[in-house]
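Trainee: Just add 14 to wherever you are in the sequence shown, counting from 1, and you've got this note's numbering.
It should be emphasised that the hints constitute simulated quantities derived from the structure, not laboratory data.
Warning: the hint list may mix true and false statements.
[Unchecked claim] Pair by pair, the computed Cβ-Cβ distance ranges are:
1. L103 <-> E165: 17 to 25 Å
2. Q66 <-> L288: 14 to 22 Å
3. F152 <-> A100: 16 to 24 Å
4. V96 <-> G223: 29 to 37 Å
5. Q370 <-> A100: 23 to 31 Å
6. S144 <-> S402: 42 to 50 Å
Positions of the beta carbon are idealized from the N, C-alpha and C atoms, including for glycine.
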Amino acid sequence: HTGGAYSFARSAMGPWGAYVTGMAENMEYILTPAVIVVGIGGYLGAIFGTAQSMEPVWWLAAYAAFVGLNVAGVETTFRFTVLITALALGILVVFWVAAIPLFDLDWALNIEPEAGRSRWLPYGSAGVLSALPFAIWFFLAIEQLPLAAEEAHAPARDLPRGLLYGLLTLIVAAFLTLFLNAGIAPGSAQLGTSAEPLFEGFQTIFGAGLGSKLLALVAVTGLIASFHSIIFAYGRQIFSLSRAGYFPRWLSRTHPRRKTPHIALLVGALLGYLVAYGIHALGPEHPVGAVLLNMAVFGAVIAYALQMVSYILLRLRLPDIDRPYKSPLGVPGAVVALLIALVTLVALFVTDPIYQKVVIGAAVWYGLGLLWFAVYARRRLVMAPEESFALSAHDSRDEP
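Throw the hints in and build the complete structure from the sequences for me.
Mentor: Next comes the structure, spelled out in structure tokens:
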């Protein structure tokens with residue numbers, strides 16, 4: 015079903031488990047496009063030389079264009095996603111090939127270590143904890159694919175295959191891009207504070223002229239591919255939670271002609287833009303992209319932890335349930351992933367005072383969402399497909 019993680023948790027932990035998982039994932043999916051659109055604005059501002067005050071205009075234009083594309087229809091959305099992703103990967107291949115001859119490990123290790131620390135861990139174990147949310151960011155929202163289950167022809171076969179191929183692609187692309195970009199001038203120390211690190215990498219390789227700007231402009235397609243697909247994801251996720259009564263029912267209305275969840279798409283975009291603009295208004299001491307990233311990861315790691323708990327409970331309570339795909343890592347893999355999620359959740363609250371402040375704000379948002387369910391929504395759930403499946407799975411277990 016299009017509910018994704020929420021429907022998974024519904025089968026394992028009931029309505030409350032479904033909501034706390036769905037609310038956390040909703041926060042992740044609304045804030046992740048906001049992080050990406052800030053990156054898009056940073057790249058376009060650097061390429062075209064616009065003032066920093068113009069960045070919210072770039073954000074607004076990007077949201078308008080890609081929410082509109084998602085409202086236009088599923089087929090249009092998927093065709094564009096395939097095209098833009100292929101183009102982005104092609105540009106990354108150009109970058110990798112061009113960067114290899116210039117690679118020097120000294121550039122990658124040019125961060126001045128603290129007293130008693132090594133070049134490999136310049137900030138010690140605290141630096142590792144601080145880096146965890148940014149490491150998770152490379153893979154954030156890969157789990158959105160099941161939200162397209164109701165659009166897939168053979169979801170039981172195609173979705174696991176797509177997830178595995180997507181993970182392998184991300185692992186290779188993330189490692190090569192991070193490693194090679196850090197290993198050329200200006201090195202890790204400067205790239206760590208850059209709003210457009212890949213653009214700086216292209217400038218190192220091809221110079222600061224028109225050629226590097228054109229390549230960087232094309233490289234923005236990578237951000238666009240992610241931005242576009244996660245807009246699809248939050249639209250489907252809001253739609254499914256609304257359809258079942260967890261969110262207000264009017265959010266699941268669909269476009270009369272296109273049959274897409276246009277209200278969910280618009281509301282998600284409005285929330286993401288307002289949060290980004292609000293942080294931008296706080297001033298330069300609050301780096302918008304990094305702040306939003308930590309807020310998005312806060313929602314993500316809660317959702318990941320609850321999905322791992324759901325997996326373990328389903329294996330224990332419903333061992334004979336139909337499972338078209340079986341995890342090769344099983345319960346031990348779920349336990350390891352659960353521990354990583356919990357460690358990252360703790361790290362978000364203890365590593366940086368600025369990030370700590372906004373993550374507390376995200377926690378308040380999450381708490382208000384839980385209050386909504388406790389006071390109002392839990393008494394107004396309806397028999398959506400995800401609810402029906404969860405009830406039938408438990409009924410079949412109870413049969414003599």
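Trainee: Now look at each hint and say whether the structure bears it out.
Mentor: These are the hints, each one checked on the structure:
1. L103 <-> E165: 17 to 25 Å: holds, 23 Å
2. Q66 <-> L288: 14 to 22 Å: Given about 19 Å between the Cβ atoms, the range holds.
3. F152 <-> A100: 16 to 24 Å: holds, 19 Å
4. V96 <-> G223: 29 to 37 Å: Since the Cβ atoms of V96 and G223 sit about 32 Å apart, the hinted range of 29 to 37 Å holds.
5. Q370 <-> A100: 23 to 31 Å: Because 40 Å falls outside the window, the suggested range is violated.
6. S144 <-> S402: 42 to 50 Å: holds, 44 Å
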